[in-house]
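Engineer: As a plain string of letters, each chain reads:
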Amino acid sequence: MGGPRNNLSWHPAAVRYRVYALHYEGYSAAQINADPEVAASVAKTGYRLHGNTLKAAYRSDECRRYLASREQTYAATEADRITQAVLGEAGALASVTDVARYELAKEIRALIGGVLDEGETPADRVERLTRSLATVSRDEAAKMARLVEERDAEIARLNDRIARLQEDNSRLRELAGQVDSAAVADEMDKRVGV
Amino acid sequence: MANKRMFRLRRAILAALCDYSSHQDLDTVAMHPAVIRENSSPEELRVEWENLTAWGIIEPLPGYQGAVCRLSAATRQTMDETGNAPRDARLWGHEVL
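Line order of the protein sequences matches chains A and B.
If you're matching positions, the first sequence starts at 1 in my numbering and goes up one per residue.
If you're matching positions, the second sequence starts at 1001 in my numbering and goes up one per residue.
Bound conformation, chain A alone:
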């Protein structure tokens, strides 16, 4: 069953959330009533938003859920921004895996939001964050090691090819020294009359 209704509950959802947003941003009742969207809705519905009406609205489940969502979204966007900045400064933005980046942002978000899992102390959380950062570094190191290995293999392959070409070259030089020019000229004379 729904709780007691206040005047705000008769306004459309878009206007109700506009009121909650203005409240979250610190606007007073008078400023909220002066907002063009709110004023238009009051004029249309006839349900006025007095100070007591707004106070009751701020205690509603809907408003509490909205304010909690703003706080959580703030923590999540801040964590995202910090992750980007940290990885950017470390020069690892392009090289860390998406999973490592997501996990790191999640840890930072939990720290900002002060949300700890049951039975977890702040020390545990810091340890997890450190482990998460180590994963990022490990991913980066592993990627670099793979790159070095690939380059080494490429260099070995090219060296091998150079050695083979040098061998072929020496063989050709040897053969060129064995050619009897007079015999070639006689043969050409015989075949094409040159």
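Any given hint could turn out to be false.
To be verified - Here's a subset of chain A near chain B, in silico, CB distances under 8 Å, partners left out:
hint: 1; residue: CYS63
hint: 2; residue: ARG65
hint: 3; residue: VAL96
hint: 4; residue: ASP98
As the list claims (entries may be wrong) - Result set (DSBU-like, lysine-lysine): computed pairs, CA atoms no more than 35 Å apart in a straight line:
hint: 5; chain 1: A; residue 1: LYS44; chain 2: A; residue 2: LYS55
hint: 6; chain 1: A; residue 1: LYS190; chain 2: B; residue 2: LYS1004
hint: 7; chain 1: B; residue 1: LYS1004; chain 2: A; residue 2: LYS44
What the hints assert, rightly or not - Distance ranges between label pairs, derived from CB positions:
hint: 8; chain 1: A; residue 1: ASN159; chain 2: B; residue 2: ARG1087; range: 22 to 28 Å
hint: 9; chain 1: A; residue 1: ASN52; chain 2: B; residue 2: GLU1081; range: 41 to 47 Å
hint: 10; chain 1: A; residue 1: LEU147; chain 2: B; residue 2: ARG1005; range: 46 to 52 Å
hint: 11; chain 1: B; residue 1: ALA1054; chain 2: A; residue 2: GLU78; range: 49 to 55 Å
hint: 12; chain 1: B; residue 1: ASP1025; chain 2: A; residue 2: ALA90; range: 20 to 26 Å
hint: 13; chain 1: B; residue 1: PRO1042; chain 2: A; residue 2: TYR74; range: 19 to 25 Å
hint: 14; chain 1: A; residue 1: ASN159; chain 2: B; residue 2: GLY1056; range: 43 to 49 Å
hint: 15; chain 1: B; residue 1: ASN1003; chain 2: A; residue 2: ASP152; range: 57 to 63 Å
hint: 16; chain 1: B; residue 1: ASP1080; chain 2: A; residue 2: LEU147; range: 26 to 32 Å
hint: 17; chain 1: A; residue 1: ALA142; chain 2: B; residue 2: PRO1042; range: 35 to 41 Å
hint: 18; chain 1: A; residue 1: TYR74; chain 2: B; residue 2: ASN1039; range: 19 to 25 Å
hint: 19; chain 1: A; residue 1: GLU120; chain 2: B; residue 2: GLY1056; range: 19 to 25 Å
hint: 20; chain 1: A; residue 1: ARG59; chain 2: B; residue 2: ASP1025; range: 39 to 45 Å
hint: 21; chain 1: A; residue 1: LEU147; chain 2: B; residue 2: GLY1063; range: 19 to 25 Å
Please keep in mind that the hints were generated in silico from the structure rather than gathered at the bench.
Ideal Cβ placement from N, Cα and C applies to all residues, glycine included.
Once you have looked at the hints, place chain B on chain A.
Structural biologist: Below, chain B alone, put in the same frame as chain A:
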């Protein structure tokens, strides 16, 4: 049959994801003010999340069973350039065509 509320919910998911530079999980997106405003049930939200994934408008992070996604490169580009979701009938209805 998709109705206007569903289109709004799909666009709200995109607006929420647009606030993050990389992947984000459905639980966090569900708490975004743009999504909260739609008063959708968790089931509705999951269905639309999965639809957007299936259409390639958002892309999942492997290993999280589709619960962590980000905007696809094309969607991100459109939203960065226009500030709005792509002009797609699945996001705006057939009126957009």
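Engineer: Work down the list of hints and note, for each, if the structure agrees.
Structural biologist: Results for each hint:
Of the supplied interface hints, the one on CYS63(A) is violated, with its beta-carbon coming no nearer than about 11 Å to a beta-carbon of chain B, more than 8 Å. Because the closest C-beta pair between ARG65(A) and chain B is about 7 Å apart, less than 8 Å, the hint holds. Residue-level restraint check for VAL96(A) is violated (minimum Cβ-Cβ distance to chain B is 10 Å; threshold 8 Å). For the restraint placing ASP98(A) at the interface with chain B, the shortest Cβ-Cβ distance is roughly 6 Å, inside the 8 Å limit, so the hint holds.
For a cut-off of 35 Å, the pair hint linking LYS44(A) to LYS55(A) stands: about 22 Å separates their Cα positions. A distance of roughly 93 Å separates the Cα atoms of LYS190(A) and LYS1004(B); the hinted pair therefore is violated under the 35 Å criterion. For the hint pairing LYS1004(B) with LYS44(A), the CA-to-CA distance comes to about 23 Å; that is within 35 Å, so the pair holds. Between ASN159(A) and ARG1087(B) the CB atoms are about 56 Å apart, so this pair departs from the stated range of 22 to 28 Å.
For ASN52(A) paired with GLU1081(B), a C-beta distance near 46 Å keeps the hint of 41 to 47 Å intact. Between LEU147(A) and ARG1005(B) the C-beta distance comes to about 50 Å, which sits within the given range of 46 to 52 Å. Distance hint check: the CB atoms of ALA1054(B) and GLU78(A) are about 31 Å apart, inconsistent with the given range 49 to 55 Å. Between ASP1025(B) and ALA90(A) the Cβ separation comes to about 24 Å, which falls inside the hinted range of 20 to 26 Å.
Against the hinted window of 19 to 25 Å, the Cβ-Cβ separation of PRO1042(B) and TYR74(A) comes to about 22 Å, which satisfies the hint. The hinted range of 43 to 49 Å is satisfied by ASN159(A) and GLY1056(B), whose Cβ atoms lie roughly 45 Å apart. Roughly 60 Å separates the CB atoms of ASN1003(B) and ASP152(A), a value that falls within the hinted 57 to 63 Å. Here the CB-CB span from ASP1080(B) to LEU147(A) is close to 31 Å, well matched to the stated 26 to 32 Å.
Distance hint for ALA142(A) and PRO1042(B): a CB-CB separation of about 38 Å, consistent with the stated range 35 to 41 Å. The given range of 19 to 25 Å is respected by TYR74(A) and ASN1039(B), whose C-beta atoms sit roughly 21 Å from each other. Remark: the range hint 19 to 25 Å for GLU120(A) to GLY1056(B) is contradicted by a beta-carbon distance near 38 Å. Against the hinted window of 39 to 45 Å, the Cβ-Cβ separation of ARG59(A) and ASP1025(B) comes to about 30 Å, which falls outside the hint.
Checked against the given bound of 19 to 25 Å, the beta carbons of LEU147(A) and GLY1063(B), roughly 23 Å apart, stay inside it.
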